[in-house]
Each structure stands twice: as structure tokens, then as C-alpha cells.
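Participant: These are the residues of each chain, in order.
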Amino acid sequence: MSVEAREKRQPWILLSPALGAVALLLLIPLVFIVVYSFWLRSAVGPDTVGFHLDNWQRALTDPFYRYILLNTLKIAAITTFFCALLGYPAAYFITRSSGNKLILLLLLMLPFWISYIIRTMSWINILGSSGALNTALMSMGVISSPIQMLYNEATVILGLVHFLLPFMVLNIYVSLDGIDTNLEDAATSLGATRWQAFLQVTLPLSLPGLAAGGLLCFVLGAGTYITPLILGGPRDAMFANLVFEAIITQLNWPMGSALSLLLLIVLGALVAVYNRFLGMSQLTKGLG
Amino acid sequence: MDNTKRYERLLERYRNGDLDRRSFLGLIGAAGVAYGVQTPFARMAFAQDVTQVRFDGWGGVVSEAFRRHAFDPYTAATGINVVDGTFAGGDEYLAQVRSSREGEYNIAHLSGVFDYARYVNFGLDVELNLDNIPNMELVMDALTNAFRSITPDHLSAVPYNYGTTGLAYNRKFISDEEIREKGASILIDPAYEGKIGGWSDWRTRLWYAALQTGQSPNDIQDMEAAWDAIRAHRDLALKYWGSGAELMSLLAEEEIYVTEGWSGRIAALQEQGHDIGYYDAPNSFGWQECLFVIKGSPIEACEELLNFMLAPETSIAVAEGQNYPPALDGTKVDLGDKIPTLPAFDPTGTLEALTFADPVYWNGNEAEWSETFARVQRGF
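For the protein sequence lines, the chains are A and B, in the order given. Per our numbering, the very first residue in the first sequence carries number 186; after that it's consecutive. Per our numbering, the very first residue in the second sequence carries number 294; after that it's consecutive.
No lab work stands behind these hints: they were computed from the structure. Remember, it's a predicted structure, so these values are computed and weren't measured experimentally. The beta-carbon is built from N, C-alpha and C at its ideal position, and this holds for glycine as well. Please note: incorrect hints may appear among the correct ones.
Short, incomplete list of chain A residues facing chain B, as computed with Cβ under 7 Å [claimed, not checked]:
1) Ser314
2) Gln333
3) Pro419
Just chain B, with the same shape it has in the complex (with noise of 0.2 Å):
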């Protein structure tokens, strides 16, 4: 979306010798009259791109962080207020911005390269001008690259963090050697029957019946074991949850004692004082998060509040207040005494410890393993 105003446009023109002055009275008069006609409807078109921006993140402890610690100053700052809504998964947000008009939408927190690869397909990307984002020079190029291979010539997002899927446990339960040597089995282990959890995203169950059967999730070669491996753990399971929220209220309320859970909320169950355990196995589901800009979005504000966003002191505030590493390079930014500590974090600025998914594979399955998924999570 271009901000500049058609009169300026006009304006500019005009003085440049290029417009005749009748011809620049005769536009601003129809612009004039048109402006007229569509009051109404102009009202509520400014009102969302020069006084607003939407941002759709994942609620709790993370949108507590991005209003106390980004869009609050950001707001003091330039003006512009940021209006913050929450989404359970990627996949309901999707099914909303695709059914909503252009524009309605417009910074997505998302998570996985797989969503930003499913955005670009659906035409819902727009193009940054990097140059407004110089804190883009402080974020890690592995983050980065993840996203050009998708869109060589142009980026829709910035990186923001990144996490894991890890194994979650109660330690008064389960002790850390007991994870230790299990890891991902433990999941379809009948001794904890009806005290396992698991998230219900078949991207997840399906990265963890690849870890199960001894197989690499992003080739997983004997696709009827993997599925076997799920069909074991709905046994066993006594729920599968379907937000962070319900997450942290199923292990702190005893309710299950393992599942596989998001680093930053176990992190966050620890602060609170609950003995909940966190394991990143081998091939554990390494992940990253984005700030996406939605087309048709006002694209110099959404750059403006991208690059206050990745201001190392916002960043880093950030990342303590949800638990999350920045997807700043620590090799160039120091990240406080916090950021180290966290789960998942990489000092190397590399990411070569952490395994994430491949999007062209697991997008490239959408269609037919989340639908298989469904009939095997009701017994098919």
C-alpha cells in the first residue's frame, strides 16, 4: 500500500510542470467529490491504516511481553497505535485472514518457515523495503536464509525467535535420567497411561512418531510405523491440548505428567515454581517465529514497528518476558545475562544444534497427512 497522499502525488506533479493547472484543479475537485461520497467508509479505511496497526500473536505471557515491552513505547513513541488480538493455532489465524478483506490483518506472529511458505501461496505476502528495517542487520542469517529460499527476491517477514518442542515432565514422576533414556518413546509409554499429554497438531504428533520409530521427521520413510506410533500414544494419552494455556494448566495441575510442550512456557511454568522438567531430544522440533506482514497492510508502519521490534533492548525484553531467544545473533549483540539461560538458545549464532522443519517436505504433505491424522486420532 503506497501512504503518500494522491493530493501530494498531484501536488508534487503539478509544481514539477508536469500537470496543467486545470487539469490539477479538475483532480482534486473529483477527488474531492469522491472523497465525499465514501466518508463513511474512508473514516474506518484511515482509522486503520494511519492511527493503527493489528498485531495477531499467541496471548498469554507472550503478548503480556510485546505490549508492556514493544508496543507500548512504541505507541509513546511514533503515535500509532498497535491493537493486539490472539490466536490459538496458525491454522485457525489462516482460515481468519483468508476470509477477511485485505488489510483487516496486518503483522502476524507466526510460527515455522512452513507458515510463511503457506502465506506466500495463498498471495498474502507484500514486499519489505529492508532498508527501513536497519536492525535487520543484527538478526541471524540462518534465521534469514530460511525464509529467502522461500522468497529469493523479496522478504514478507523478520525473524523474531525461536524455540523447541520439547519433552515437558513432572520431576516428582519422572526423573531426568528416565527422560534421558527414553526421550521421545516415553510418550508411548504404557507405565505413564493416562497421564500422558500431547499437542494436537498433527505436524507435531507426526514429528514425534518419526522420533519414535527411529526416523528422521523430515523423511520419514515408513509412514505406517509413524502412524502406528500416534495410534499408540492416543491410547496412552489422557488429552491433547490445543493451546499454551492448557498446556501449562494440564502439567500444573498434575493432570498429565509428560508431554511434548513449547520451551518458553515450560520456562515459564518453572518461574512460577512448578518442578516441571524440560528435555530437547536428538531431532527434537526446532522452530522459529516471524513477524509477517499481510498484504495489503499499511507497509511503512508495519516497517516501522518491525524495526522498533528488533531494537536489541525491545528484542531482548521481549524474549525475557516470554521466554523465547531473540532472533538476534548473539555473536553481535550482547544479550544480557537472562537470554543464555533459556531453553533452546544458541550461543553460535549458527542454529546447527537445533532441527527445524522442512517446509517444501511437510507442506508438500499438508493436505493428506493432516486429514489422515484426523481419522487416526478418532480411531482409524
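The shape of chain A in the complex, shown without the other chains (with noise of 0.2 Å):
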């Protein structure tokens, strides 16, 4: 075998690992969730195998779908807002603080060492009636009742921020430390104020970690199920849900994996908009 041969073989025998394991445990069940999407789910006992596409019409035609699916995607965008509101100033400020640095990252990343259940259901202890908030509130004098705080959308989209924060910081950190410093200083001494030279040098350089951390806190705040089933109210639901129930609830396993399969396909699309215009260099940069 040639050199050249060999070379050109050497990235695959590499990567063969890493490619057997994502056939394994992606790919493979993935075919699995689309075979089992065309089959029929019977009243009592085993599916029904064969190609039928009443699943996929419903999921694509049914109102209570597009519904639900609408409301997910409004909710993980209202999250992905309040995270770049939230998460831009904590990333700008850890990037310019000089000594401390790696604590404040380190900060930024314990929560990750609890589980995401665990954070979650620490709001009904924060926000219940008879919560940190609404003691110190009564103990006060501030208000002679519990304010009811808990189980409705806004507690949701709290919950998602509170999660998903972490991912938006490190992803604009990253963008916003490989921003020479001295071109701020350049823009300033040229006669920009430091808020024009923010506004129009530092802030357009970002916008690829904004982007990607964007991209990120939608893409997971859409596909979760657990924090709508704390801290949500009984109407709330996001996409995930119906999935949940669909599979675990109505033991609809068709079902369940045609409406999967089109979460995947509506979040898929969107990764595939981002890429087309920003790339996904970003994002594998925030990831690392």
C-alpha cells in the first residue's frame, strides 16, 4: 500500500471508534424510531407492523400538534432571550476580570455538578407558599398571604433560564476572550465613546458566541420535558411532553416516535439555517 494510501486511510481507522459508537447509538436507534413511526399502535396488545403513514398525518395535520409545537418554540425563545440578557453582561465581565477568572468560571460551571433535577426542584422551595421568598416576604410585612408564585409558564421559562444560563455564558465567554482588547482601545482613541466602541467593535465580534449559545439554549430548551412537568401547571406542556406521554402514558410507541421524529426534523432544520449562515466552527468552540 502506498504512502498516500495510508495517509488517506489513516483519519477513518481514527475516527472508526467515534463513528462506530455514534452508528450504535444514534444512527441505529434513530432507524429504529422511524421504522416504528409507520407502524399503528393496536387498542390492546402488540403494534401493528407495516407502512402506514396515519401517524405522520396526524402529527403534521392535528391542530393540538401545531399547537403544542408553536408553544415550544415560543417558550424556548422567550428562554434563549432572557439567557443572552442574562448571560452577556456575566460573560463580558468575566472575560475583563483579570485575576479571578478561572474561579468565576468554575463558578459558572458547579452547578453542572448537581443534577438538573435536583436545581430544578429547588424553585418549590424558593417560590412555594411556604418558600424562602415568600417567608422573608411575610417576615417583612411586605404581603399577610403567600403570593402564589409557582406552577405556571413563567416558572417554567425561570426553570429553563436557570438551566440553559451556563450554556450561553460560556458560549459568548469564549467569543468575547478571542476579541483583541486593543481594538477597543483603538476605537476609543480614535474618539469613540466606550459604549460606541462596545457597540460597535466588541459587540459585532460577539455575535457568533451569542449566536451559538443562542443556538444551544433553543435547540435544548425546546427538547426538554422535565422542568414543564415540575414546575409547570397542568396545562403546560412543551413538545417533549406529548412525546413522553405518547410512549409512556398512552404506550402509543408510534406515535410517540413520529412525534419525536418531527421535533428532530423542526430542530434539525434550525441547526441546518445556523449552519448555512454562521457555521458550526462557533459552536464547536463554545462546546470545547
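Hey, can you piece these two chains together into the complex? The hints should help.
Facilitator: Put into C-alpha cells, the structure is as follows:
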């Protein structure tokens, strides 16, 4: 075998364990889900095997699924907006801090050491009728009886922001950290105020990081089901809750498969649009 | 699963003269080669088969009671380890069992006769040898007959306990008189808007909707009225709870004042000192729980565990721990002092005072109603 041929094969040999894992753990189960989505649920007993478009037809035409999907995208968008709003100043502060940058980054990563479910449930102890906030307000005489703050769409968004904020901060931080601070100094030396230098130099240069963080927050937010389950009221549900209910509660695996693929397609399309205009390299930078 | 070893069967045939020496040694040799090839897998299989049995239940005080009063003494007596897992709901657990390999799950503490029927429909049942479970004689016939109506020629489970899903209310805000006067309708009383809870289970929601609209839960004629009652409850409720722990937390923290609740969990709250009342309105949701042996399990080891668990001393201790009356017939066994005081207890051994879900009726409508409930819950 020639050296050239060997060199061509080498990357594939090195990649083969990872590709094997992806094929085994992602692609093959995905094929199973695709196949399942064309089966039909029978009233009792095993599902009806075959090629039926009924589940897809319902998933695409039923206003119920459309409503929940749009609501999910809305909640994910609001969450992403708040993550950006809160995350940018935090990332900027960490980037510009000189001595304690590592400690601040460590603090940012600290929530990941605690289970996501526990972190979500902690809001019950904070916002509940006998939670910390109500107790504090009552002891200060601000309110006479507890305010009902939990179990609505706002607390679902709050829980999601709590969960996703570190992802946003990290992505923006990576982007800001790569910007030469001399650029801002150069702008101010040419007559720009600090605010103008930020708006016209730093912010545009950090937009890829903001976009990468936004994409991550949006995709992760749109795919969650735990947060509405714990912090939502009876009506609050996201699309992943419908997938959960179809598969777990209704035992309708074929419909659940069609719904999960629909969500995958919608979010996949979003990633494709992002890739078309910004490229995936910024995303991997943020993750790394 | 046959627990006798292939070697023992071959040896018996050889000794009986049914197998010549050459064939006997040849088959033993072939078995040895096969074993050598699949040793790693065999180790895993034997670990599951001989030395341990997996049990899955509802968690919380129920699991604690099982561990202390049944599993640890059973392991001490037999050497078989009981690995216990928990689940939040029967639907979720059935999904797990369906997607698992045979033998991964062994015994489940299932709720309701309709669960028994569902497992049978999915071909997950086994045939228990009741001769290996002599304590079955102490169990109420009314409970066993419910299973026999589904599998007349065999049983895949033993009844273990029963209870009700009745009305649980905070006495600080709702009096005993008010709950008796309003019954199930208190769950759609606008006076308690934002302080009402409910189980997210579609069957329970429909059962209570039937009561609220004056219909028989096992024969709902006006479905639209029932769905409207669910909509009314949904709009007044603060939260649909999904587990016993969440139910207890919502009531104890006074997030909600009234909900339907599991009798044993409410008794546990009362034991903890919370002033929570419990009331079974007429036609309140009665249910029984069973210990179901799942297809692919080591049956003899499971039968031994079931018999051990049904022994009066174990059964009563578990019942006292989990606050649900045992399946044992009070006319045949002395149930002690505490059990007759538990909610839902029936001293007659006939259970005629309780209303159970008709498995044929509920399972027959499951596909349509569970899906409709998902829509109604979200505002449709």
C-alpha cells in the first residue's frame, strides 16, 4: 500500500471507534424510531407492523400538535432571549476580570455538579407558599398571605433559564475572550466613547458566540420535558411532554416516534439554517 | 424458566438408562464447549437467575416497608438477594418492561386489575405453581377472582394489598362536614381555585369526572359531560401531581388544600402529624395491588419470595409500614390492631363496600381516553 493511500485511510481508522459509537448509539436507534413511526398502535396487545402514514398525517395536520409545537418554540425563544440578556453581561464581566477569571469560570460550572432535576426542584423551596421568598416577604410585612408564584408558564421559563444560562455564558465568553482588547482601545483613541466602542466593535465581533449560545439554549430548551413537569401547571406542556405521554402513558410508541421525529426535523432545520449562515465551527468552539 | 440444570437432567436420563454413556459424555462435552464460548454472558445470566430477584415498586414508605419487613428477612432465610427498583407510575414501568430483554424485570408491585390485563395482553405473564405458594390460601377470594376472570387457567400474580383513591383535604381550610356534603364535586368548586390538586393519571381524572357528573365510573354514558368536568377541574387546579411524594409535599406544604389521594399516603401524612382528612365518597376509586411475576423470570425463586411475602407476619408488617390493608382475609387471619384502623379496610373479606375499576371497560377505552385526556389537559 502506498504512503498516500495509507495516509488517506489513517483518519478513518482513527475515527472508526467514534463513528462506530455514533452508528450504534444514534443512527441505528434512529432507524428503529423511523420504522416505528410507520407502525400503528392497536387497542390492546402488540403494535400493528406495516407502512402506514396515519401517525405522520396526524402529527402534521392536527391543530393540537401544531399548537403545542408553536408554544414550545415560543417558550424556547423567550428562554433564549433571557439567557442572552443575563448571560452577556456575565460573560463580559468574566472576560474582563483579570485575577479571578478561573474562579468565576469554576463558579459558572458549579451548577453542573448538581442534578438538573434537583436544581429545578429547588425553585419549589424558593417560590413555594412556604418557600424562602414568601417567608421572607411575610416576615418583612410586605405581604400578609403567600403569593402563588409556582406552577405556571413563567416558572417553566425561569427553570429553563436557570438550566441553560451557563451554556449561553460559556459560548459568549469563548467569543469575547478571542477578541483583542486593543481594538476597543483603538476605537476610543479615534474618538469613540466606551459605549460606542462596545456597540460598534466588541458586540459585532462577539455575535457568533451569542448565536452559538442562542442555538444551544434554543435546541436544549425546546427539547426539555422535565421542567414543565416539575414547575408547570396542568396546562403547561412542551412538545417533548407529548412524546413522553405518547410513549409512556398511552403506550403509543408509533405516534410517539412520529412526534419525536417531527421535533427532531424542526430543530434539525434550525441547526441547518444556523450552519448555512454562521457555520458550526463557533458552536464547537463554545462547547470545547 | 426451568431452574433445573441441563447436567442434572442428562444425568437423570443416563442413570435411568434412557441415554447411553457415549451420548451422555458427548452432550456434556458439547455443553462444556458452549458454556466456554458464552461464559461472560452466562455469568451475567446466572447472576440474575440464581442469586438475585429484581423487584420493582412504588418507592417511598412502601419500598422502605418492603425492604425492612420482607426483602432483608427473605435474603437472610434463602440467600437470594432482592434488588429493588422504583417507578413513578404503572404506564412508565410497562414501557420499560416492554423495551427490556426477557428476565431483566422479575416481580412488579402493580396497581389495578387493568394492569394485570395489560401485561397479559402483551404476553408478559407466566404460569405460577400455586402449590409453591401455600400462603395463597389466606388471601381473600374476592381479590384472586378478579385475576382469574382474566386468566381463568392460571395466575401470573398474587394479590397483595388494596386501598382507595379518595378525597384528601387540609382540615385547616376544609371541614369534615363540608367534604361529606360536597363529595367529589369539591374538586370543581370555584371557592378553592388555585388550591386544588389532582393526579395526572387519566383514569383517575375520568373516574372523578364520572362521580362529579353523577355517573357510574364503570359505565359512563355522557362522556362529554365527563370531559367538561375534567376541563373545569383543570382550570381550577394548581398542579397535577405525578407521584406519591409530590402528593404528600403539596398537601404538607399547603400548596393545595384538596385533591384526590392514595389512602396509604394520606395515612402516612396523618402519622407525621399533618391535619389532613381522608374521605371515601360513594363509589370512591377502589383498587388492589398485586405482585406480578414477569415473563422470563426465575419462577421458582419468585414463587418462594411471593410465599414469603404473603406469610401473615411479613404481610401484616408490610401493610402496617405502607398503610395499605393486606390482601389477607381478615376472617382467616388475625390482622392485629393497626390494620383495622387503616383507610379502606374491609373486615368482611368480601370487599363489597369498595368500587373497583372494570378492567374490560377501562382497558377497552384506554387508547381513546388516554389520548383525549392529553388534549383536554392542554386546553383542547
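Participant: Now, for every hint given, state plainly whether the structure supports it.
Facilitator: Verification of the hints:
1. Against a cut-off of 7 Å between C-beta atoms, the interface hint on serine 314(A) holds, since the closest Cβ of chain B lies about 5 Å away.
2. Nearest Cβ of chain B to the Cβ of glutamine 333(A): about 6 Å, under the 7 Å cut. The hint holds.
3. Nearest Cβ of chain B to the Cβ of proline 419(A): about 5 Å, under the 7 Å cut. The hint holds.
This entry satisfies every hint, going by the numbered hints stated previously.
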